[in-house]
Amino acid sequence: MSDGTALNGVVEGRARRLRTPNDSPLKWLCLAPVAVWFVLLFGLPLAFLVWIGFWRIEDFQQVPDFSLDNYREIAGNLFVKSRYGLAMLQSFWVAATTALVAVAFAYGIALAIAFAVPAKRQRLALLFAVAPFWSSYVLRLYSWQTILSKNGVVNSVLKAAGIDVVRLDVIYTQIATRIGLVHYLTPILVVILYVTVANIDRTLIEAARELGATRWQAFRRVILPLSKVGLITAGSFAVIIALGDALSGNLLGGGTGRSLIGKYPLFASMLMTDYSSSTNLPRTSALATILILMMILVLVTGAIFAGRAQRRISG
Amino acid sequence: MTKKRNGKSSLPGLSSRAGLSRRDVLGGMAAAAAFGTFTIISKRAEAADALRILCWPGYEEKDVIEEFEDTHKVKVEFKIYIGGEQMLQFFGQTQPGTFDAIISDAEYVQKLLARKAVEAFSTADMPELANYHPKFRDFAPMRAGEGKVYGIPTRFSFYGISYNTDYLSADEAADWNSLFLPKLTGKVGVFDWYLPTMGNASLAVTPGNQTPYDISDAQLASVKEWLLKLRPQVSMFGSSSQPIVQAMIAGDVYASPTGDLDVDLKLAGYENFSSTIPKQGGIRWQEVATICTDSTKKDLAKEWVKYMTGPKVQSKLVYTKAFKARGPNMKIVDYWDADQKKLLSYVPDPEHPGQMIVETLIDRSMPRGLPAQQPDTQWIEIFNEFKTT
Numbered sequence: 007m008s009d010g011t012a013l014n015g016v017v018e019g020r021a022r023r024l025r026t027p028n029d030s031p032l033k034w035l036c037l038a039p040v041a042v043w044f045v046l047l048f049g050l051p052l053a054f055l056v057w058i059g060f061w062r063i064e065d066f067q068q069v070p071d072f073s074l075d076n077y078r079e080i081a082g083n084l085f086v087k088s089r090y091g092l093a094m095l096q097s098f099w100v101a102a103t104t105a106l107v108a109v110a111f112a113y114g115i116a117l118a119i120a121f122a123v124p125a126k127r128q129r130l131a132l133l134f135a136v137a138p139f140w141s142s143y144v145l146r147l148y149s150w151q152t153i154l155s156k157n158g159v160v161n162s163v164l165k166a167a168g169i170d171v172v173r174l175d176v177i178y179t180q181i182a183t184r185i186g187l188v189h190y191l192t193p194i195l196v197v198i199l200y201v202t203v204a205n206i207d208r209t210l211i212e213a214a215r216e217l218g219a220t221r222w223q224a225f226r227r228v229i230l231p232l233s234k235v236g237l238i239t240a241g242s243f244a245v246i247i248a249l250g251d252a253l254s255g256n257l258l259g260g261g262t263g264r265s266l267i268g269k270y271p272l273f274a275s276m277l278m279t280d281y282s283s284s285t286n287l288p289r290t291s292a293l294a295t296i297l298i299l300m301m302i303l304v305l306v307t308g309a310i311f312a313g314r315a316q317r318r319i320s321g
Numbered sequence: 225m226t227k228k229r230n231g232k233s234s235l236p237g238l239s240s241r242a243g244l245s246r247r248d249v250l251g252g253m254a255a256a257a258a259f260g261t262f263t264i265i266s267k268r269a270e271a272a273d274a275l276r277i278l279c280w281p282g283y284e285e286k287d288v289i290e291e292f293e294d295t296h297k298v299k300v301e302f303k304i305y306i307g308g309e310q311m312l313q314f315f316g317q318t319q320p321g322t323f324d325a326i327i328s329d330a331e332y333v334q335k336l337l338a339r340k341a342v343e344a345f346s347t348a349d350m351p352e353l354a355n356y357h358p359k360f361r362d363f364a365p366m367r368a369g370e371g372k373v374y375g376i377p378t379r380f381s382f383y384g385i386s387y388n389t390d391y392l393s394a395d396e397a398a399d400w401n402s403l404f405l406p407k408l409t410g411k412v413g414v415f416d417w418y419l420p421t422m423g424n425a426s427l428a429v430t431p432g433n434q435t436p437y438d439i440s441d442a443q444l445a446s447v448k449e450w451l452l453k454l455r456p457q458v459s460m461f462g463s464s465s466q467p468i469v470q471a472m473i474a475g476d477v478y479a480s481p482t483g484d485l486d487v488d489l490k491l492a493g494y495e496n497f498s499s500t501i502p503k504q505g506g507i508r509w510q511e512v513a514t515i516c517t518d519s520t521k522k523d524l525a526k527e528w529v530k531y532m533t534g535p536k537v538q539s540k541l542v543y544t545k546a547f548k549a550r551g552p553n554m555k556i557v558d559y560w561d562a563d564q565k566k567l568l569s570y571v572p573d574p575e576h577p578g579q580m581i582v583e584t585l586i587d588r589s590m591p592r593g594l595p596a597q598q599p600d601t602q603w604i605e606i607f608n609e610f611k612t613t
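Just so you know, the sequences run in chain order A and B.
Here the first sequence is numbered in our numbering, starting from 7 and rising by one per residue.
Here the second sequence is numbered in our numbering, starting from 225 and rising by one per residue.
Do not rely on the hints blindly, as some may be mistaken.
Stated by the list, open to error - Not everything, but these chain B residues come out facing chain A in the computed CB check (under 8 Å): (1) 461; (2) 475; (3) 476; (4) 604; (5) 608; (6) 609.
Note that these hints are calculated values from the structure, not bench results.
Remember, it's a predicted structure, so these values are computed and weren't measured experimentally.
Virtual Cβ for every residue (Gly too), placed ideally from N, Cα, C.
Turn these sequences into a full structure, and let the hints guide you.
What follows is the structure, encoded as structure tokens:
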């Protein structure tokens, strides 16, 4: 074998090994913190939570076991007595409608930042859009309570303006719950959707316009389809957060806020009450596991739709 | 005042002596448990000889504990919890012997006893008990059902009716049935915890019952009926007293069977609020000081319990920044000014000459307890049905 051939062999071998950066052994080092974080702060607590759901209570104490009694009890109370099923329906209804409004609202803001604000100012605009996220969520909810209540800001202004016939009456309804949730979600969704919109290839939009598309047609035929993955991701994210949130439902929705479905509490709210009012952590864990399953269902559905949308764009 | 409670948790409780030991579970789930115990471990390292107490907020305030620390030349460290369940969780997540004393809600003493967490002690050397209101010298929850004393009351207050005087008169507030008045439709706020609400409902249907949690199935059915009748009147359920106070200020709630919310409101400058215990009776909460079974400083822990029975310390304890309450030692008034006495009802009762308003309220109230004849799940299911109707 000549020296040249040997050298070529070494170079080819190295090229094979370093085909992509992922071939570097350093990747395991870099991934290790993520794996440790995931296992310690997510995997183990989650597994523990699910495990406790099978325990039972004996003389005010948790006894390790593998009993399905907690799940049987919850299943038996889906539409009678505690009516967990109605709380689940309420949660899905409020979360889905909240996600719809929040995504639409955040999408509008993201579009405005990406297309109406000069490139140099976009970071600043994004900063302003996410600014509410820096303040306390509970304080924001109490502020909304001050705005929406019977003697609140809105009704006081209406009264001062002499418009007594019109009165805002949304406090302790699920509309108020949604207002709190939309306020909470919007900054997060704006970031997700801004990244989506900002990454749309501008030449495609320009091409559409040069081929005679109106602004609306360019939006509907180019921008919206290319935003679909981001919109589905943001929507799934919004539903999951809204499903898990109990604060807005408690403070603005009054615990059992009225909605089209009825005056039922959110499932997360029932879970919190169950935890704080009885020495029955196994049943609370079972309820929490059910909530997590509801979230996984949303996540998987979102992933399927996002995958389809991505394939359509790629194809 | 209704004590603040919330359901925020870090990790699930780990205690279980019946199956795995706490040590086993802690070992297996070290990473998870570390978050619940970190504060205690660090403090322990800082002061090995400190007295460690698990308690509701207020006991750790300088004014309250300073004299004890100076007298006994000891540092007292506190782990604060919000809610009985959190107390059990914190206790369960720590090594035996971590705590020397626990401030517990009176009815939770039996839960602590089930875990062999606290032990009985003699009250013979506690002279201040003679100044306690008779109802606090010796009542069932202190004894956890077997005759021995496990806890001494330190602080209490009531779950009566708090109301806006612009919409409800004192006479109306003196009757639980006034909550059904048409003017209160959609204007009642309820504390989202089954024990006080159902205890009050129990008294509303069985006036004067000294054991409102020890009721028959038929009586429990009446309680459920009363609650379901009340439901249309209810606009909101508050997870603590704060949302209900906010709702009362905002005019969204006119009355609440949640106790003396008027204390906070009056301090905030709102004079149009008051509270009372209806003639049928109302529920009373109380905290008790207990001594831990595994403590290595039981004598010192008992000295602290003894210290907490004094009127001076109670006068500060029930008037802390955390919240306002009442003290069982009637000499407490010697350490208050006129405003404090008036605010907390330690003033003569014009309707009952010779006694203070607070004594009338104590006479009319029954201690919060746990369901005796039915499993607590049965009561919780009724409360959930009340909420979801």
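Cross-check of the supplied hints:
At its closest, the beta carbon of residue 461 (chain B) sits 3 Å from a beta carbon of chain A; the interface hint therefore holds under the 8 Å criterion. The criterion of a C-beta within 8 Å of any C-beta in chain A is met by residue 475 (chain B), whose closest approach is roughly 4 Å, and the hint holds. Contact between residue 476 (chain B) and chain A, as hinted, is supported at the beta carbon level, the nearest pair being about 5 Å apart and thus within 8 Å. Here the hint on residue 604 (chain B) is kept, as its CB sits about 6 Å from the closest CB of chain A, short of 8 Å.
Taking 8 Å as the C-beta cut-off, the interface hint given for residue 608 (chain B) holds, the closest approach to chain A being about 4 Å. A least Cβ separation of about 5 Å between residue 609 (chain B) and chain A falls short of the 8 Å threshold, and the interface hint therefore holds.
Of the numbered hints stated above, none is contradicted by the structure.
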